[in-house]
Structures are given as structure tokens and as C-alpha cells.
Amino acid sequence: MAKDLKFSEDARQSMLRGVDKLANAVKVTIGPKGRNVVLDKEYTSPLITNDGVTIAKEIELEDPYENMGAKLVQEVANKTNEIAGDGTTTATVLAQAMIQEGLKNVTSGANPVGLRQGIDKAVEVAIDALHDISQNVDNKNEIAQVGSISAADEEIGKYISEAMEKVGNDGVITIEESSGFNTELEVVEGMQFDRGYQSPYMVTDSDKMVAELEKPYILITDKKISSFQDILPLLEQVVQSNRPILIVADDVEGDALTNIVLNRMRGTFTAVAVKAPGFGDRRKAMLEDLAILTGAQVITDDLGLDIKDATIDMLGTSNKAEITKDNTTIVDGDGDQNNIDARVSQIKAQIEETDSEFDKEKLQERLAKLAGGVAVIKVGAASETELKERKLRIEDALNSTRAAVEEGIVAGGGTAFMNIYDKVSKIEAEGDIATGINIVLKALEAPVRQIAENAGLEGSIIVERLKNADVGVGFNAATNEWVNMLEAGIVDPTKVTRSSLQHAASVAAMFLTTEAVVANIPEESSNDAQAGMGGMPGMM
Numbered sequence: 001m002a003k004d005l006k007f008s009e010d011a012r013q014s015m016l017r018g019v020d021k022l023a024n025a026v027k028v029t030i031g032p033k034g035r036n037v038v039l040d041k042e043y044t045s046p047l048i049t050n051d052g053v054t055i056a057k058e059i060e061l062e063d064p065y066e067n068m069g070a071k072l073v074q075e076v077a078n079k080t081n082e083i084a085g086d087g088t089t090t091a092t093v094l095a096q097a098m099i100q101e102g103l104k105n106v107t108s109g110a111n112p113v114g115l116r117q118g119i120d121k122a123v124e125v126a127i128d129a130l131h132d133i134s135q136n137v138d139n140k141n142e143i144a145q146v147g148s149i150s151a152a153d154e155e156i157g158k159y160i161s162e163a164m165e166k167v168g169n170d171g172v173i174t175i176e177e178s179s180g181f182n183t184e185l186e187v188v189e190g191m192q193f194d195r196g197y198q199s200p201y202m203v204t205d206s207d208k209m210v211a212e213l214e215k216p217y218i219l220i221t222d223k224k225i226s227s228f229q230d231i232l233p234l235l236e237q238v239v240q241s242n243r244p245i246l247i248v249a250d251d252v253e254g255d256a257l258t259n260i261v262l263n264r265m266r267g268t269f270t271a272v273a274v275k276a277p278g279f280g281d282r283r284k285a286m287l288e289d290l291a292i293l294t295g296a297q298v299i300t301d302d303l304g305l306d307i308k309d310a311t312i313d314m315l316g317t318s319n320k321a322e323i324t325k326d327n328t329t330i331v332d333g334d335g336d337q338n339n340i341d342a343r344v345s346q347i348k349a350q351i352e353e354t355d356s357e358f359d360k361e362k363l364q365e366r367l368a369k370l371a372g373g374v375a376v377i378k379v380g381a382a383s384e385t386e387l388k389e390r391k392l393r394i395e396d397a398l399n400s401t402r403a404a405v406e407e408g409i410v411a412g413g414g415t416a417f418m419n420i421y422d423k424v425s426k427i428e429a430e431g432d433i434a435t436g437i438n439i440v441l442k443a444l445e446a447p448v449r450q451i452a453e454n455a456g457l458e459g460s461i462i463v464e465r466l467k468n469a470d471v472g473v474g475f476n477a478a479t480n481e482w483v484n485m486l487e488a489g490i491v492d493p494t495k496v497t498r499s500s501l502q503h504a505a506s507v508a509a510m511f512l513t514t515e516a517v518v519a520n521i522p523e524e525s526s527n528d529a530q531a532g533m534g535g536m537p538g539m540m
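Residue 308 in the working numbering is what sits at position 308 of the sequence shown, and the numbering runs on without skipping anything.
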């Protein structure tokens, strides 16, 4: 395929147009008075959302140079979402501000490498300053506040807070769609371990890249499965039952893995293979826990069992299993409750007896997985469109609360960025490095400015007053009042604030140091060529 090239200012300006198109679509959603964006869906009803990363992922521009610019900012949103689970709109606003301000200086003759050094220096100081003003999340009320602000809904904050209280801050919380109008919280028995599917072709939902199995059979073994023939008799029994199967094994490889994937793609049966959790003796113990929870028999040489001899009655079952690339969650296992209670008592006794802190920690993890359960937030709404939008907001809010528990909270509404403004402005530097620092300073104002503008106010006035305000004092755009943001419950997780700044700065610095852009020239289709010939006269 032939390539087209652009250089220097021409290249950067072309990409900037793409940055602005994407960022302008995303930033209208920021703040309590932010608007929604409607996304066209080919086979379903349109999706209405205010989730930055969801909007960014949908944007594909016709001009290849503009599209590359948009994709760079899309990367900011994706990375922030990956690390912190929220803050994608803030990250997009920061990135646009840095790129715009940086390009003005590059056009005026500043050296991009010097600007990058200044940006890196400013961000380093900013991150330290954020941690200095960060406060720990200590109670249920603070967790609810974080969730409420993220979702712009107090009810959602309360559900998440209750869920975390019931299963613990590190417990498993899943979000499901409900058939009713109301959103409800349920806690069901379940277990999660940090092993994901062995092939992405095993997923059942390619949008979310997750495999969701309803009422699966569960094969548990500490052996490697290499030959498909060894498990074929068992799989034939499972196919007869018209139910999916989850295979938890030391490893599934060779023609066994190949045939499982091929049959999954052909629709012959649904099977997902995951590697067994843990190592050594802990792996054996965790497989036994899983077997007791699901009512399975562990296929192991210790019991004289071979995978070729496995029958369907040796398999465990559960109401549901959800497998991502990193985790497997088994919900509502069908194991005998008396056996589960006995296993819990056994682990508790081991915790009492052990002197090793490491062993105690691992036993506590097993106990939580076995007895803690899984909290399920069932999302209800009046229409499918509202349901999808509400579910996205709850997912963001859950990610925010987890981030808050992990690294603490800072004043929300863009206030934290203004609280650290003074420290960043006092960095001593000269020349282009000093200009790079000023680029970050200008960007720190952008979230507050945009939140104010979305509320129909003059952003510059709010920004100037914030520069002189006490730490934590900010502008509540929902009520148009100046308040102590922390006391008012308007808070952001430190991790979200930090991640959005780091990823925005990283992409902005790369953008500013770009000197050439190479794009594909679309090939003329055969239909276009024939149309250009004007067609051939008909034959008699």
C-alpha cells in the first residue's frame, strides 16, 4: 500500500484537528452539569452516555492524519481507564490543553525536547504534591461519597458502599443487568482467582472481552491436558447436556487447546480453559477449595485418578462463571453447604496455628474467597438505553471507590489540580524547560475551567479565585457555591487524579516531539474504477 507523508507544522496541525474533534466530544460530559453524548449503534438502539472512554472508543475520523491525532488522545482515555477505571474525561481535557498550549510554543520556536523535559519535571512535582494533600478513606460514608460523585447519583454510591461493606474492600463485586425497573444489591456465594482464559477466542462477549457461562460444568485437575482425545469422552457427555464447561487445569495445551478453540468458534460447544491458581501445595489447597465450593472431584494422581477416566459426575457445577483475560469468578457453586462450612472451620484453625505472617495472609485470602461471597449489583431501568447508560456509570463508580480505598481521596471538581498549582509554579527552571512547566500549569486549570463552562459560567473567574483559595476549598458547580469540597463530599480518588495527569502528559509530550507522520493512501476500489469507465453498453 502506498504511503502519504506530512512533516513538522503541517503534520502536527493535521493531527491537532483530530485531537480537538475527539476532545470536544468528550469534554462536554465533565462535571455535575455536563451533558450526554449519543452514540450510534449499528444493530441496536443508540447508546446515551457521559463516559469519556466509551465516547472516545467510538470516534473514527475519515482523514487519516486527524484520525491519528484522535487515536493518541483515545490512548490517554484507555490507559487511564485501565489503571484507575475512571477519570477518562479529565485525562482527555488535560491532554488537549497540554497539546494545544505546547503547539503554540513549538510554532513560536520552542524546542520540543526541552518542552518535554519541563512537562516531565512539572508532573513529577505535581504527583508528589497530590500525595501530600491526599486523605485516606476510612468509613462507609466516604466510600459512598466517592461513588456518588463518580456516578452523579447518591443511590449508586450507597449501593457500592454497602457492597464493599458486605464483601470487604478487596471483595468481588459484579454488575449485572436486571429485568426490572429497580436497582438492587445481592450477595451470593462465590469465588474469584487471578487466572483468565487461555485464548481470547473463548470469549462469549467480544465487546467486553469476557466469557460468561450460565450453569457451567467445572472440571478441576492439577494435571496438564495436552491430548484432545483424553477429554473427548467427557466433552461428549457435556455436549449431550447442552451446558458449557469450565476447565481448570495445570495447563491446557497442544491439540487439546486447539480443538477446544475450534469447536468454540464453530459453535459445537462452549468451553473455557483457565490455568489453576497458585503454586505447589497452595495450588492443591485452592483446587480443593474450588472443588468443595462447586461439588467437584479433583482429578489428581494423589487419588489415583486420570483425566481419561473422568466422568460427568466428577464435575462441579455453579449458577454462573465469568472469565476475563485476568480473572475467573465462580458464582453460587453447587457444593454441599456442610462441606463448605467444614472447610471454612479447617482454614480458620490453620490461621490460629500458623506463626508465619505470609502463610496467615494466604490463608485469609482463601477464607475470603470461600466464605466472603460475591456482591452483585443488579441494574434496573425503564428502557434498554437507560439501562446501558446506568450500568456504565455504576462500573465507573465502582472503579473510583476501589481507587479511593487504594490511594486515598483529594478535593473533587478539578480543585485538587488547583491546590497543587502553587507548588508546580515554584519549580526553578529556564528556557524551554520553564515553558514546559508552564504548559502543565495551563493544563491544571483546564478541568475546573471546563466544569464551569459546562455549568454556563465563566471559567476564568473560577480559576483565578481558586488560585488564592485554601486547600480543599472549591467551587460546587451543582449548586454554584464555594464550599470545602472534602466536607461537602465532593471528592475524587487520588489514583484517578494522578493517572489522568500522568497519561495526559505522556501522550502530549509524544505529540509535541512528533516531526513526521506517515499515513496509508486508500486504494481505489474496483467498483470506483469501473464507475470511472462509464460502464459498458449492454449485450443483445
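Everything labelled a hint here was simulated from the structure, so no lab data went into it. We put the CB at the ideal spot given by N, CA and C, even for glycine. Misleading hints may appear alongside valid ones.
25 Å max Cα-Cα, derived SDA-like pairs, lysine to any residue [unchecked claim]: (1) LYS224 x GLU162; (2) LYS391 x GLU365; (3) LYS224 x LYS166; (4) LYS79 x TYR43; (5) LYS467 x ALA429; (6) LYS104 x GLY380; (7) LYS284 x LYS208; (8) LYS166 x LEU47; (9) LYS348 x ASP194; (10) LYS33 x GLY380; (11) LYS442 x ASP422; (12) LYS33 x SER14; (13) LYS275 x GLN229; (14) LYS208 x ILE133; (15) LYS362 x SER199; (16) LYS104 x LYS362; (17) LYS348 x VAL331; (18) LYS223 x GLU184; (19) LYS215 x ARG35; (20) LYS308 x GLY380; (21) LYS79 x ALA110; (22) LYS79 x THR107; (23) LYS215 x ARG195; (24) LYS223 x LYS104.
Okay, the calculated beta carbon distance ranges per label pair [as the list claims (entries may be wrong)]: (25) ALA382 x ALA2: 46 to 54 Å; (26) ASN182 x ALA469: 50 to 58 Å; (27) GLU361 x ALA382: 18 to 26 Å; (28) ASN182 x SER8: 52 to 60 Å; (29) ASP132 x ASN182: 19 to 27 Å; (30) GLN346 x ASN139: 54 to 62 Å.
Next item on the list: Would you mind confirming whether the straight-line C-alpha gap from LYS104 to GLY380 stays at or under 25 Å?
Entry: With Cα atoms ~48 Å apart, LYS104 and GLY380 exceed 25 Å; violated.
Next item on the list: For the pair supplied as a hint, LYS223 and LYS104, confirm whether the alpha-carbon distance does not exceed 25 Å.
Entry: Roughly 62 Å between the alpha carbons, so the hint for LYS223 and LYS104 is violated.
Notebook entry, point to check: Is the straight-line distance between the alpha-carbon of LYS391 and that of GLU365 25 Å or less?
Noted result: Between LYS391 and GLU365 the Cα gap is close to 29 Å, so the pair fails against 25 Å, i.e. violated.
Next item on the list: Given the hint of 54 to 62 Å, check if GLN346 and ASN139 actually sit that far apart at their C-beta atoms.
Entry: 33 Å, violated
Notebook entry, point to check: Between LYS348 and ASP194, does the CA-CA distance stay at or below 25 Å?
Noted result: Since the Cα atoms of LYS348 and ASP194 sit roughly 22 Å apart, the hinted pair holds (cutoff 25 Å).
Margin query: Checking one constraint from the list: CA of LYS166 to CA of LEU47, max 25 Å. Satisfied?
Written below: 32 Å, violated
Next item on the list: Starting from LYS308, check that the Cα of GLY380 is at most 25 Å away, please.
Entry: 45 Å, violated
Notebook entry, point to check: If you draw a straight line from the CA of LYS224 to the CA of GLU162, is it 25 Å or shorter?
Noted result: Roughly 41 Å between the alpha carbons, so the hint for LYS224 and GLU162 is violated.
Notebook entry, point to check: Between LYS284 and LYS208, does the CA-CA distance stay at or below 25 Å?
Noted result: 31 Å, violated
Notebook entry, point to check: Within 25 Å, alpha carbon to alpha carbon, are LYS215 and ARG35?
Noted result: 40 Å, violated
Next item on the list: With respect to the beta-carbon atoms only, verify the hint that GLU361 and ALA382 lie 18 to 26 Å apart.
Entry: Check failed, 46 Å falls outside 18 to 26 Å.
Next item on the list: Return holds or violated for the Cβ distance of ASN182 and ALA469 against the range 50 to 58 Å.
Entry: The hinted range 50 to 58 Å is violated for ASN182 and ALA469, with Cβ atoms some 41 Å apart.
In this structure, the hints that do not hold are numbers 1, 2, 3, 4, 6, 7, 8, 12, 14, 15, 16, 18, 19, 20, 21, 22, 24, 26, 27, 29 and 30, in rising order.
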